[in-house]
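Novice: With chain A fixed as given, assemble chains B, C and D onto it according to the hints.
There are 4 protein chains.
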Amino acid sequence: MKTPVLAINFKVYNTSFGQKAVDIAKAGEKAAKEYGIEVIVIPPATELRRIASEVSIPVFAQHADPYDFGAYTGWLPIAALKEMNIKGVLVNHSEHRLRLDEIVAIVEAAKKHGLETLVCADTPIAAAAVAAIKPTALAVEPPELIGTGIAVSKAKPEIITNTVQKVREVNKDVIILTGAGISTAEDVEAAIRLGTAGVLVASAIMKAQNPEKVINDMAMAAAKAYRK
Amino acid sequence: MKTPVLAINFKVYNTSFGQKAVDIAKAGEKAAKEYGIEVIVIPPATELRRIASEVSIPVFAQHADPYDFGAYTGWLPIAALKEMNIKGVLVNHSEHRLRLDEIVAIVEAAKKHGLETLVCADTPIAAAAVAAIKPTALAVEPPELIGTGIAVSKAKPEIITNTVQKVREVNKDVIILTGAGISTAEDVEAAIRLGTAGVLVASAIMKAQNPEKVINDMAMAAAKAYRK
Amino acid sequence: MKTPVLAINFKVYNTSFGQKAVDIAKAGEKAAKEYGIEVIVIPPATELRRIASEVSIPVFAQHADPYDFGAYTGWLPIAALKEMNIKGVLVNHSEHRLRLDEIVAIVEAAKKHGLETLVCADTPIAAAAVAAIKPTALAVEPPELIGTGIAVSKAKPEIITNTVQKVREVNKDVIILTGAGISTAEDVEAAIRLGTAGVLVASAIMKAQNPEKVINDMAMAAAKAYRK
Amino acid sequence: MKTPVLAINFKVYNTSFGQKAVDIAKAGEKAAKEYGIEVIVIPPATELRRIASEVSIPVFAQHADPYDFGAYTGWLPIAALKEMNIKGVLVNHSEHRLRLDEIVAIVEAAKKHGLETLVCADTPIAAAAVAAIKPTALAVEPPELIGTGIAVSKAKPEIITNTVQKVREVNKDVIILTGAGISTAEDVEAAIRLGTAGVLVASAIMKAQNPEKVINDMAMAAAKAYRK
Chain A
1 MKTPVLAINF KVYNTSFGQK AVDIAKAGEK AAKEYGIEVI VIPPATELRR IASEVSIPVF
61 AQHADPYDFG AYTGWLPIAA LKEMNIKGVL VNHSEHRLRL DEIVAIVEAA KKHGLETLVC
121 ADTPIAAAAV AAIKPTALAV EPPELIGTGI AVSKAKPEII TNTVQKVREV NKDVIILTGA
181 GISTAEDVEA AIRLGTAGVL VASAIMKAQN PEKVINDMAM AAAKAYRK
Chain B
229 MKTPVLAINF KVYNTSFGQK AVDIAKAGEK AAKEYGIEVI VIPPATELRR IASEVSIPVF
289 AQHADPYDFG AYTGWLPIAA LKEMNIKGVL VNHSEHRLRL DEIVAIVEAA KKHGLETLVC
349 ADTPIAAAAV AAIKPTALAV EPPELIGTGI AVSKAKPEII TNTVQKVREV NKDVIILTGA
409 GISTAEDVEA AIRLGTAGVL VASAIMKAQN PEKVINDMAM AAAKAYRK
Chain C
457 MKTPVLAINF KVYNTSFGQK AVDIAKAGEK AAKEYGIEVI VIPPATELRR IASEVSIPVF
517 AQHADPYDFG AYTGWLPIAA LKEMNIKGVL VNHSEHRLRL DEIVAIVEAA KKHGLETLVC
577 ADTPIAAAAV AAIKPTALAV EPPELIGTGI AVSKAKPEII TNTVQKVREV NKDVIILTGA
637 GISTAEDVEA AIRLGTAGVL VASAIMKAQN PEKVINDMAM AAAKAYRK
Chain D
685 MKTPVLAINF KVYNTSFGQK AVDIAKAGEK AAKEYGIEVI VIPPATELRR IASEVSIPVF
745 AQHADPYDFG AYTGWLPIAA LKEMNIKGVL VNHSEHRLRL DEIVAIVEAA KKHGLETLVC
805 ADTPIAAAAV AAIKPTALAV EPPELIGTGI AVSKAKPEII TNTVQKVREV NKDVIILTGA
865 GISTAEDVEA AIRLGTAGVL VASAIMKAQN PEKVINDMAM AAAKAYRK
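Chains as they are written, first to last, in the working numbering: chain A, 1 to 228; chain B, 229 to 456; chain C, 457 to 684; chain D, 685 to 912.
Since the hints were derived computationally from the structure, they do not count as laboratory data. Just to be clear, a hint being listed does not mean it is correct.
Derived, one-sided and incomplete: chain C residues facing chain D with beta-carbon distance under 7 Å [unchecked claim]:
no. : residue
1   : 467
2   : 469
3   : 470
4   : 473
5   : 501
6   : 502
7   : 505
8   : 528
9   : 529
10  : 530
11  : 536
12  : 549
13  : 552
Pair ranges (Cβ atoms, derived) [unchecked claim]:
no. : chain 1 : residue 1 : chain 2 : residue 2 : range
14  : B       : 311       : D       : 838       : 55 to 61 Å
15  : A       : 82        : D       : 767       : 50 to 56 Å
16  : C       : 663       : B       : 389       : 49 to 55 Å
17  : C       : 610       : B       : 281       : 50 to 56 Å
18  : D       : 877       : C       : 664       : 54 to 60 Å
19  : D       : 740       : C       : 490       : 39 to 45 Å
20  : C       : 663       : D       : 838       : 53 to 59 Å
21  : B       : 297       : A       : 53        : 19 to 25 Å
22  : B       : 311       : A       : 213       : 21 to 27 Å
Note that beta-carbon positions come from the ideal geometry of N, C-alpha and C, so glycine has one too.
Bound-form chain A, shown alone:
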């Protein structure tokens, strides 16, 4: 994973499926090229194969299970992702919390299959625990910023800086993203200024009137803030 990162969690909005999802992924690809940053698109399971065949930027799954191929009806084995050109997996999102042993197993299975991992954590302590598991990246979702409408750019900066510090005590290498409170390009800039290497963003893009413009603006802000 390169830095800075603009990771787009498509969730499962109506814009997350079909042609609209492809268009958003292509806008991500365009912005990645234009600004030289890492744009990661994270569509629903049903869209993975199609989107991975249409864009050259990294496509991640929103979840995968730490299984090899086998008798696991309704689950998505990590082993299956490689063939369809998926580069990584998002894990433990606040809408999809996992057991500790599952997170460990998924990160280990992903490593075995050559996939990257982006693991979410809601508190500084949970982030430190995740850091000890050594995923490729982690996204901190401070409760103060989740769904409260508080922009990271306006929240007290110590929310993010404290988390970064706790993570770094445990792991010097993991890429840290800000995973909540990102509504605008200004928030992306703030996230990077506060010591994280980018953002994990969802509704600000997926529910936008003009997702392409939001992606472009956020990518530009990320590139600019990261150079400083």
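Specialist: Positioned in the frame of chain A, the structure of chains B, C and D alone reads:
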């Protein structure tokens, strides 16, 4: 859902993905036409869109969540299936057990979105409970037949007939399938002779040397047994 | 289980533990004798042994697991309840939903160990499914009445009567309780008048200034309404 | 928590309830006094109150939920443990795995209520993650030692020493116990010699012909090995 039914649970074997999965779905389509029976293919989430675009027989999901479009990272809302031409959803498989309230919510959501449901149950009592929820179909997986290598054609017939009787006390309309102990065309014939309207089968097809032949033989057996 | 029933779910309020819990259980015992009805007390796991040794009315667990004695750290095997004189178990409360196969296993295990079961269900369809599992009793918790402050005595009566009808189509014997919307003795009277055999009640007693008086009034109302 | 530690997980065997459980707890109390070590007894929820009133050594719960008092039917709020003189809680046992966010919430809630925590982890990486959450103690259960009949005293010593090293990189203070492969006093001695501060043991005591003797021998071995 027409009867008799040959429902093929692809699970997540290596044959369940990519071109192999498409080939198996097409073999199902061919057999459905040739023998005039209902062949349902149930591939992994990542293959749903592609397979639904390549075959005209019903494609079911292996699982779906009782959500509308929204912020549900890593889940698959039933609301998203319709647009990609998915006809139904398999629910509560022994490898994917659900809470009772979830099963009810999924069956209700499926009805609202015009999708069919095939709900698994492991015991006669669980099957009766499922029957009360009024799904389109249910598959009985008697523990005596799951993973024990006991063919339904050789097991004591009362295992199936007792289950059918308990289900019918609660629901006269639900389509009943035999969901375990199906390895051969002879087992399909036995399942129908014992009063169910077909089978839910997985490894006997997905792990076969020649899946097309197994599908053909099972479809032929189903058509023949059902006419009697 | 006799009828009519006043089942008191202690939940885990601060009044649910220690001497206060014993006092409430004794008030239930007193009311049971005075009005000739079945009062069931359902305290937290930590209070089961003590309360069962201090009152002669039935004591139920708020949950139990379908296990025999064994290596199940942190779970409560049904097999352990009998020795401490527990008479039954509450299952699938809206705060403790279970998988369908777990509900079946618990009801079966309870029968094997000579314990009664009281299974909750939130919708008429879920109630019918539960009825098919043949527990001793079921409590219907219509979403219209849960936590909305709508008293069953003031809600449209068809909410309860429709549920009773759906349950009776599946099971003529199960005792049906009203499990939501019970705040006053008037609500108990309404629950019985609408065709259920009593109530499952929690906060109206556990959070009352004078729990003994609420228990007495509800028991009196139940006895009176049931005689009619 | 003092060291060395002999923590006895009662699980839910038939010896884990009633008078037998009290006798085992009293044997633990006797050994604690005789050898000057920390013996912790961890009985089922139903036995907590009684055992905590009969012994002066620390009594832990086998599980608790990160709740305050409230409407949580069938769960055990940490808030309720203090009043009944429980000193701590066992968390994330291999038979009771929890979500990462739950483990964090339980450890935080325990701290708030003045309770200690003993968190299990199955792999060195999971143990490091747990260490980052800063519980009072953690028990490592190397898969190589769980249920395989391999005594830690005979397994390759690096299994334990590697885990200890990974934990210490993250947390210098947490008390580390060996949580698998403990059948004899010799295993206790090995666990301490390999750098852990004691053991978490279950069946070797709970299923013994003479639990008092096993407790005595293990406590003596712990005291002796720890002094060296």
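Novice: Does the hinted range 55 to 61 Å hold for residue 311 (chain B) and residue 838 (chain D) at CB?
Specialist: 60 Å, holds
Novice: Starting from the hint 19 to 25 Å, judge whether the C-beta atoms of residue 297 (chain B) and residue 53 (chain A) obey it.
Specialist: 24 Å, holds
Novice: Taking 21 to 27 Å as the hint, is the beta-carbon distance of residue 311 (chain B) and residue 213 (chain A) inside that range?
Specialist: 25 Å, holds
Novice: Is the gap between the beta carbons of residue 82 (chain A) and residue 767 (chain D) within 50 to 56 Å?
Specialist: Cβ of residue 82 (chain A) to Cβ of residue 767 (chain D): about 54 Å, so the range 50 to 56 Å holds.
Novice: Grab the minimum C-beta distance from residue 467 (chain C) to chain D and call the hint holds if it beats 7 Å, violated otherwise.
Specialist: Holds. Min distance 5 Å.
Novice: Quick check on the hint: residue 505 (chain C) CB to chain D CB, less than 7 Å?
Specialist: 5 Å, holds
Novice: CB of residue 740 (chain D) to CB of residue 490 (chain C), is that within 39 to 45 Å?
Specialist: Because 43 Å falls inside the window, the suggested range holds.
Novice: Report holds or violated for the interface hint on residue 529 (chain C), using the least CB-CB distance to chain D and a cut-off of 7 Å.
Specialist: Hint holds; residue 529 (chain C) Cβ to chain D Cβ min 4 Å, cut 7 Å.
Novice: CB of residue 663 (chain C) to CB of residue 389 (chain B), is that within 49 to 55 Å?
Specialist: 52 Å, holds
Novice: Per the CB criterion, is residue 470 (chain C) less than 7 Å away from chain D?
Specialist: 4 Å, holds
Novice: Should the hint that residue 530 (chain C) touches chain D count as held when the rule is a Cβ pair under 7 Å?
Specialist: 3 Å, holds
Novice: Restraint: residue 528 (chain C) near chain D, CB-CB cut 7 Å. Satisfied or not?
Specialist: Holds - the Cβ of residue 528 (chain C) comes within 7 Å of chain D, reaching about 5 Å at its closest.
In summary, the structure agrees with every hint in the numbered list given earlier.
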